[in-house]
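Each chain, letter by letter, is given below.
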Amino acid sequence: MSITFNKVNYFYQMNSPFQHQALHDINLEIKDHSFTAIIGHTGSGKSTLVQQMNALLKPSTGFIDVDGRQITADTSNKNLKVLRQHVGMVFQFPENKLFEETVKKDVMFGPLNFGMGEAKAEAQAIKLVKEVGLDSDILERSPFELSGGQMRRVAIAGVLASDPQTLILDEPTAGLDPRGRNEIMELVQKLHQEQGKTIILVTHQMEDVAKYADQVIVMDEGQVEKIGSPQEVFSNIEWLQKHHLELPQTTQFAISMQKKGFSFPDHLPLNEDELAIELAKQIDVEGSGELG
Amino acid sequence: MDKFIFGRFIPGESWVHKMDPRAKLLISFFFILLVFFANNVMSYVLVFAVLISSILLSGVSLGFFIKGIRPLLWLMVFTVIIQILFGAGGHVYWSWGWISITQQGVISAVYILLRFLAIIMMSTLLTLTTQPLQIADGVEELLKPLKKIHFPVETLALMLSLALRFVPTLMDEATKIMDAQRARGVDFGSGGVKQQVKTVVPLLIPLFVSAFNRASDIAIAMEARGYKDGLNRTKYRELRWRKQDSISGLIYVVAGVVLLFIRN
Numbered sequence: 001m002s003i004t005f006n007k008v009n010y011f012y013q014m015n016s017p018f019q020h021q022a023l024h025d026i027n028l029e030i031k032d033h034s035f036t037a038i039i040g041h042t043g044s045g046k047s048t049l050v051q052q053m054n055a056l057l058k059p060s061t062g063f064i065d066v067d068g069r070q071i072t073a074d075t076s077n078k079n080l081k082v083l084r085q086h087v088g089m090v091f092q093f094p095e096n097k098l099f100e101e102t103v104k105k106d107v108m109f110g111p112l113n114f115g116m117g118e119a120k121a122e123a124q125a126i127k128l129v130k131e132v133g134l135d136s137d138i139l140e141r142s143p144f145e146l147s148g149g150q151m152r153r154v155a156i157a158g159v160l161a162s163d164p165q166t167l168i169l170d171e172p173t174a175g176l177d178p179r180g181r182n183e184i185m186e187l188v189q190k191l192h193q194e195q196g197k198t199i200i201l202v203t204h205q206m207e208d209v210a211k212y213a214d215q216v217i218v219m220d221e222g223q224v225e226k227i228g229s230p231q232e233v234f235s236n237i238e239w240l241q242k243h244h245l246e247l248p249q250t251t252q253f254a255i256s257m258q259k260k261g262f263s264f265p266d267h268l269p270l271n272e273d274e275l276a277i278e279l280a281k282q283i284d285v286e287g288s289g290e291l292g
Numbered sequence: 001m002d003k004f005i006f007g008r009f010i011p012g013e014s015w016v017h018k019m020d021p022r023a024k025l026l027i028s029f030f031f032i033l034l035v036f037f038a039n040n041v042m043s044y045v046l047v048f049a050v051l052i053s054s055i056l057l058s059g060v061s062l063g064f065f066i067k068g069i070r071p072l073l074w075l076m077v078f079t080v081i082i083q084i085l086f087g088a089g090g091h092v093y094w095s096w097g098w099i100s101i102t103q104q105g106v107i108s109a110v111y112i113l114l115r116f117l118a119i120i121m122m123s124t125l126l127t128l129t130t131q132p133l134q135i136a137d138g139v140e141e142l143l144k145p146l147k148k149i150h151f152p153v154e155t156l157a158l159m160l161s162l163a164l165r166f167v168p169t170l171m172d173e174a175t176k177i178m179d180a181q182r183a184r185g186v187d188f189g190s191g192g193v194k195q196q197v198k199t200v201v202p203l204l205i206p207l208f209v210s211a212f213n214r215a216s217d218i219a220i221a222m223e224a225r226g227y228k229d230g231l232n233r234t235k236y237r238e239l240r241w242r243k244q245d246s247i248s249g250l251i252y253v254v255a256g257v258v259l260l261f262i263r264n
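Keeping their order, the protein sequence lines are chains E and U.
Note that the numbering used here gives residue 278 to position 278 of the first sequence, counting from 1, and the numbers run on in steps of one.
Note that the numbering used here gives residue 133 to position 133 of the second sequence, counting from 1, and the numbers run on in steps of one.
Simulated from the structure, these hints should not be mistaken for lab results.
Backbone N, C-alpha and C fix where the C-beta goes; we use that ideal spot for every residue, glycine too.
Among the hints, a few may not be true.
[What the hints assert, rightly or not] Label-pair ranges, simulated between beta-carbon atoms: (1) U:Gly192 with E:Glu145: 32 to 40 Å; (2) U:Phe29 with E:Asp65: 37 to 45 Å; (3) U:Ser216 with E:Gly133: 28 to 36 Å; (4) E:Gly228 with U:Ala224: 42 to 50 Å.
Extracted from the complex, chain E is given alone in its bound form (with noise of 0.2 Å):
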């Protein structure tokens, strides 16, 4: 289930005082079972890009094709829940549109709507609810009752039970404690690995972008800068702080480190693993110089 953009551009308020583009000729490829992050800044179009996968928004010109299945700025608004149903979207601050009377309703709400039987979908919830690591001793609570934490991962299971298989994930960790967010971002990483399921994720976090993903989309003001692994785009600091990137806190102390003259002769490290390794072979190279 391959997502392609051909020629994507989208105007918000078409035809308007207000009218104001928002993607700029967008071409880009998402594989299945890949991890794809995509970065920039606040209002580099981020968002406005993953609601065009399913269907929240339509191409004003160019076209989309999702598995096959194209969407144009013509395509009727009618027969999109197949769609809608493989490709599942999480929301920023998901828990903010939770309504249902219980925890167990609200995460049958998407499943019945694509019109799986009531049984298939209370099964459904009762699964997913401990999937994303809830008692499920919750599922007859009220979901105004739980933690922000909680609500958010009822929320996340509520988009699950749909069983999409691409999943696109807007900020999810936004707003939670690092806990938390280690949490959710292990979950993410379990369903693209044991499920392989298609993970599309929006993020601030580089660290995130760069233990997780496979491929990284970089965003700026409505354009594709950039498109490449993360060590591709994490090469060139000057180039990412000219967009207004951070690096991952581990190059980030690679980098000083190297400026106290410390190198790396393949590339610099992006996670923790990579700079353990890195130095581990140092150091044992010079240790065992000075035995020899």
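Here the structure of chain E is known, so what remains is to put chain U in place on it, guided by the hints.
For chain U alone, kept in the frame of chain E given last:
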């Protein structure tokens, strides 16, 4: 939400944009009064001449006014039909039982339609050319005399400006919630009536929750900064009555006097 025109401000530099909000409010009320005094062809011509020249002076394109009418279209159609069917007097064109179409009925239907149009277009002109907070400031200033009888003018103005301030925020919020529910398979605006009513719940409950949360946040923030009412606060933006305001007012008063002469 793109089609929603009521209460939206369109920036501009025209004569109308630059007028004092108090002047615009007073003129609008005066105009609405005039509309109710008009009762023959000549007086309606006068009313619309004044209205259309004001609109032209504002430099806002006519399309916005037509969009502004759309939400009230059904109300207008309904009123016109009632007038045509039940208005009595004059020549009878057609009748069936106690329903009849008469000359008077048709005439008064046309007049009512014109009144509707004039009033809607004038209030659209006011909101299109005046920022919501300016309107709130204008209302506050105009109500000031009521303070003498211990009417809580400042509180009312605060409520009004808070409410106006949060219209766009809540609209944004509503759009976001609708998108999120659409992604979970809700079809807004399709299916039968029962289906449609069902889709309101997943929109309204989160919207109410967020509105209440926001309200309590604001209350706490205001309290934290020591807000109290009745302290005779000064304003960052002071309203200034200029020559243009007096001239515009005068033109409307003259139009009003002329109208009194030409009406039956």
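Hints versus structure:
1. Restraint check, Gly192 of chain U to Glu145 of chain E: a C-beta distance of roughly 34 Å satisfies the suggested window 32 to 40 Å.
2. The hinted window of 37 to 45 Å between Phe29 of chain U and Asp65 of chain E is violated, with their beta carbons roughly 57 Å apart.
3. A C-beta distance of roughly 30 Å is found between Ser216 of chain U and Gly133 of chain E, which places it inside the suggested range of 28 to 36 Å.
4. As the Cβ distance of Gly228 of chain E to Ala224 of chain U is approximately 47 Å, the hint placing it in 42 to 50 Å holds.
Of the numbered hints listed earlier, the single one contradicted by the structure is hint 2.
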